[in-house]
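Protein chains: 2
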Amino acid sequence: MKKLLLLAAALPSYAFAQAPDRAAELRDAALGDDVAWNIVEGLTTEIGPRMAATEAEARARDWAVAKLKALGFANVRIEPYAMQGWLRGEETAEIVSPFPQKMAVTALGASASTGPKGILGEVVGFGSIDALKAAAPEKVKGKIVFVWHRMAPTQNGSGYAAFGPVRWNAASIASEKAAAAIVIRSVGTDHHRNPHAGMTTFAPGVKPIPAGALSVPDAENLERMLARGRPITMRLTLTPQLTGTRQSGNVVAEVPGRDPSLPIILIGGHLDSWDLGTGAIDDAAGVAITTAAAKRIMDTGRPLRTIRIVWFGAEEVGGLGGKAYRQAHASEAHALVGESDFGAGRVWQFTMNTGAGGEAVKARIGAVLAPLGVVASKEEAHAGTDVEPVADTGTGVLGLNQDGTRYFDLHHTPDDTLDKVDPEELRQNVAAWTAALAVIAESRDDLRVK
Amino acid sequence: MKKLLLLAAALPSYAFAQAPDRAAELRDAALGDDVAWNIVEGLTTEIGPRMAATEAEARARDWAVAKLKALGFANVRIEPYAMQGWLRGEETAEIVSPFPQKMAVTALGASASTGPKGILGEVVGFGSIDALKAAAPEKVKGKIVFVWHRMAPTQNGSGYAAFGPVRWNAASIASEKAAAAIVIRSVGTDHHRNPHAGMTTFAPGVKPIPAGALSVPDAENLERMLARGRPITMRLTLTPQLTGTRQSGNVVAEVPGRDPSLPIILIGGHLDSWDLGTGAIDDAAGVAITTAAAKRIMDTGRPLRTIRIVWFGAEEVGGLGGKAYRQAHASEAHALVGESDFGAGRVWQFTMNTGAGGEAVKARIGAVLAPLGVVASKEEAHAGTDVEPVADTGTGVLGLNQDGTRYFDLHHTPDDTLDKVDPEELRQNVAAWTAALAVIAESRDDLRVK
Chain A
11 MKKLLLLAAA LPSYAFAQAP DRAAELRDAA LGDDVAWNIV EGLTTEIGPR MAATEAEARA
71 RDWAVAKLKA LGFANVRIEP YAMQGWLRGE ETAEIVSPFP QKMAVTALGA SASTGPKGIL
131 GEVVGFGSID ALKAAAPEKV KGKIVFVWHR MAPTQNGSGY AAFGPVRWNA ASIASEKAAA
191 AIVIRSVGTD HHRNPHAGMT TFAPGVKPIP AGALSVPDAE NLERMLARGR PITMRLTLTP
251 QLTGTRQSGN VVAEVPGRDP SLPIILIGGH LDSWDLGTGA IDDAAGVAIT TAAAKRIMDT
311 GRPLRTIRIV WFGAEEVGGL GGKAYRQAHA SEAHALVGES DFGAGRVWQF TMNTGAGGEA
371 VKARIGAVLA PLGVVASKEE AHAGTDVEPV ADTGTGVLGL NQDGTRYFDL HHTPDDTLDK
431 VDPEELRQNV AAWTAALAVI AESRDDLRVK
Chain B
11 MKKLLLLAAA LPSYAFAQAP DRAAELRDAA LGDDVAWNIV EGLTTEIGPR MAATEAEARA
71 RDWAVAKLKA LGFANVRIEP YAMQGWLRGE ETAEIVSPFP QKMAVTALGA SASTGPKGIL
131 GEVVGFGSID ALKAAAPEKV KGKIVFVWHR MAPTQNGSGY AAFGPVRWNA ASIASEKAAA
191 AIVIRSVGTD HHRNPHAGMT TFAPGVKPIP AGALSVPDAE NLERMLARGR PITMRLTLTP
251 QLTGTRQSGN VVAEVPGRDP SLPIILIGGH LDSWDLGTGA IDDAAGVAIT TAAAKRIMDT
311 GRPLRTIRIV WFGAEEVGGL GGKAYRQAHA SEAHALVGES DFGAGRVWQF TMNTGAGGEA
371 VKARIGAVLA PLGVVASKEE AHAGTDVEPV ADTGTGVLGL NQDGTRYFDL HHTPDDTLDK
431 VDPEELRQNV AAWTAALAVI AESRDDLRVK
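Chains as they are written, first to last, in the working numbering: chain A, 11 to 460; chain B, 11 to 460.
One thing to keep in mind: the hints can contain errors.
It does not matter which identical chain is meant; a pair holds if it fits inside one copy or across any two.
Said to hold, decoys possible - When the alpha-carbon atoms are kept at most 20 Å apart in a straight line, the in silico DMTMM-like pairs for lysine to aspartate or glutamate are as follows:
no.	residue 1	residue 2
1	K112	D429
2	K112	E51
3	K127	E148
4	K149	E233
5	K112	E65
6	K112	E100
7	K127	E56
8	K460	E389
9	K79	E56
No lab work stands behind these hints: they were computed from the structure. As the structure is a computational prediction, the values presented were derived from the model and not from experiment.
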């Protein structure tokens, strides 16, 4: 990004004169943005972790309302909904024999409790979820299943789809084979003693069992222990609990458009976070980037179309905020949705789903993003979890895809903290969103896919 | 190191033909070493953390005896000594108001206990130990002192001397001003939620108070909170305890020399580790490197001088193993000492303390190390903590100084695990030690400083 700024400063007559329009001017000005940083800094410092349906998430909503009002947005409000709460308890894992030592573990969302005394069991290891699927039930019954994998960093995050099932589904498979519990190698690409939290799911009718994630160094250690061929006994203690019906909510703000009859643009990120870190890259950055971009549009005058910004709640535990939003706004016409929820790395790729009516807009966005080093792609845009329910109604989808090479080093870990955000990369994100919004919000074209 | 290996393979007639002696041949063969890796892998996998005076340290001694015997060393034995034990208890830190959130903390060695209910107190912050020293006692009395700093990586580790006093001495200063407790920014250069353990010391007559280290991201967060100018209240719970008189010990092995009348060479590292990690770089690597090098000398025939390898105990908690060794071996003549205890990074610098009698040997070592990229320096060699008591009797000191740029990212943290060791860099260490030992062990010269 430093190079980019140098380029912007040194070559305005060449690099940017080719797109001397308002979108390009707004894009370049956004490279000096501080609004996004201030939101990320504020949320992580003054609130910290924001687990769905907790008092901390409620404080975060109040913080968001105050911030969005102070920034000058219209119609700022909380849209509440009810949900089931879940709270982490104690969590320890210890190899009892033959190589006694503690391991760093965290409970996965939906994990059952081992009870305060924990479970003592022999570890049975599998190098992949497919190996677990193929295992004879008698090999698994009553044991503590351990599943590892070889997830490696990818720029587009596709490693998550490939290795995520170890977290999402292996617990359910283990339970079906009557395992006592399961620990997985964290679905992550770092080598720190910080396990990666996240949801697991049990298929309908399958009994939840205690399910945890070991940090990657611990998982590698356990793999080495198993390779020695001796029985390995682990004591696992995880005591998460369901806390009953609690309130969560989405925080909504708007930049009212000049023509309220036009379908609106919906952008945002999610306000809730996992409880281990302070939710800096997941997803304070996302709400900050989209909000800062919308403010830049607002500050230069009323756009043609209304832009609605939503800081969604309860994304991490099942996308509940996004589902509640769609239900509450079913009667409203949405033209296009976009979410920033893949960290704070620079935007490297532009994708957009639209119909024939939106092709010209798509081409203009591609052109105005190119000076930021963004590659226009014909790949399908993926709506974020929060805006997907609305996207499913046939809206256009804007994809400003962030570089995810290091995202899964931090994802859902205690290490998701402010120091991981590069202010210059954050500004490049704001510039990309500002430029794209500037084009979209002034267009009367039909941006919907269907 | 890959480049180095290529060089060795491609240019034998040039690069190494200038030193076509036994030391150079041993050096090059050592670049294929697996003994050191096997020791680090074994200790971290089969034993894990090895806190001084614990059952784990005792298991590690037994493991070491078996390993050193299997490698073929002579006179393998444990030399026990008694010491006071200390065990970590619960440790939590939480900002109670105005920005409630948990922080990652660990108790420093010698910390008093807060009791199980913890201490609730207002935080008073200082940007340096000097600022704490200068503070009026009434500003500190009854408060939880927080000291931060700006430690940055250095290749030669000199940042530790500059910023280490924040850990070593600030607790004592805070206690003298009647602080209720102290938390410091970890003395480390990483940005992970893993606090750095380590000893603090209270001056004679000063009452120990609870003393913890926050992880660097947490310390930066607390610094940002304080910058907002509102009173910050923290609940701190640290419940370490003294465990009374326990046994520790050094593990000793030898390569007997052809001339037992010559003063011996003493090398090694320390077997104990802090309890949070598995002690891979601190200091399984050190015992592994020196042991692998000694084995290479042994395997080519009996050296002129006896080489003694010691895996010292209880280094982390005050260098007790090194002191016990000197006491037990006061009557023996030592020619030169050397310790590997600065991680597993490549050797970048060669230093050596010796008298006029050792200058020729020093020059030969410098020459045989140069093809490994090692820079010969006239700086003073620093004996490691374990061998310093013997060095103080006037022996020569060998310094094969490792690149410490990333050492304080890991030092005393849960992250000190096997995956942080680069096998090629470990081999370069073995090659450097093998080459230096080959020269020293065949020399009759007087290597002592005085």
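Results of checking the hints against the structure:
In this homomeric assembly, K112 and D429 come within 20 Å of each other (Cα to Cα) only across copies, at 17 Å, whereas the closest approach inside a single copy is 28 Å. Proximity of K112 to E51 under the C-alpha cut-off of 20 Å is restricted to the inter-copy arrangement: shortest distance 17 Å between copies versus 34 Å within a copy. For the identical chains of this complex, K127 and E148 are neighbours neither inside a copy (25 Å) nor across copies (46 Å), given an alpha-carbon limit of 20 Å. Taking the shortest Cα distances, K149 and E233 sit within 20 Å of each other inside one copy (17 Å), while across copies they are farther apart (52 Å).
Only between protomers do K112 and E65 lie at most 20 Å apart by alpha-carbon distance; the minimum there is 14 Å, versus 32 Å within a single protomer. With identical chains, the CA atoms of K112 and E100 are at most 20 Å apart both within one copy (14 Å) and between copies (14 Å). Proximity of K127 and E56 under a CA criterion of 20 Å is satisfied in neither setting, with 35 Å inside one chain copy and 25 Å between copies. For a Cα distance limit of 20 Å, the shortest separation of K460 from E389 inside one copy, 18 Å, qualifies, whereas the shortest one across copies, 74 Å, does not.
In this assembly of identical chains, K79 and E56 lie within 20 Å of each other by CA distance solely inside one copy; the values are 17 Å within and 57 Å between copies.
This entry does not satisfy hints 3, 7, going by the numbered hints stated previously.
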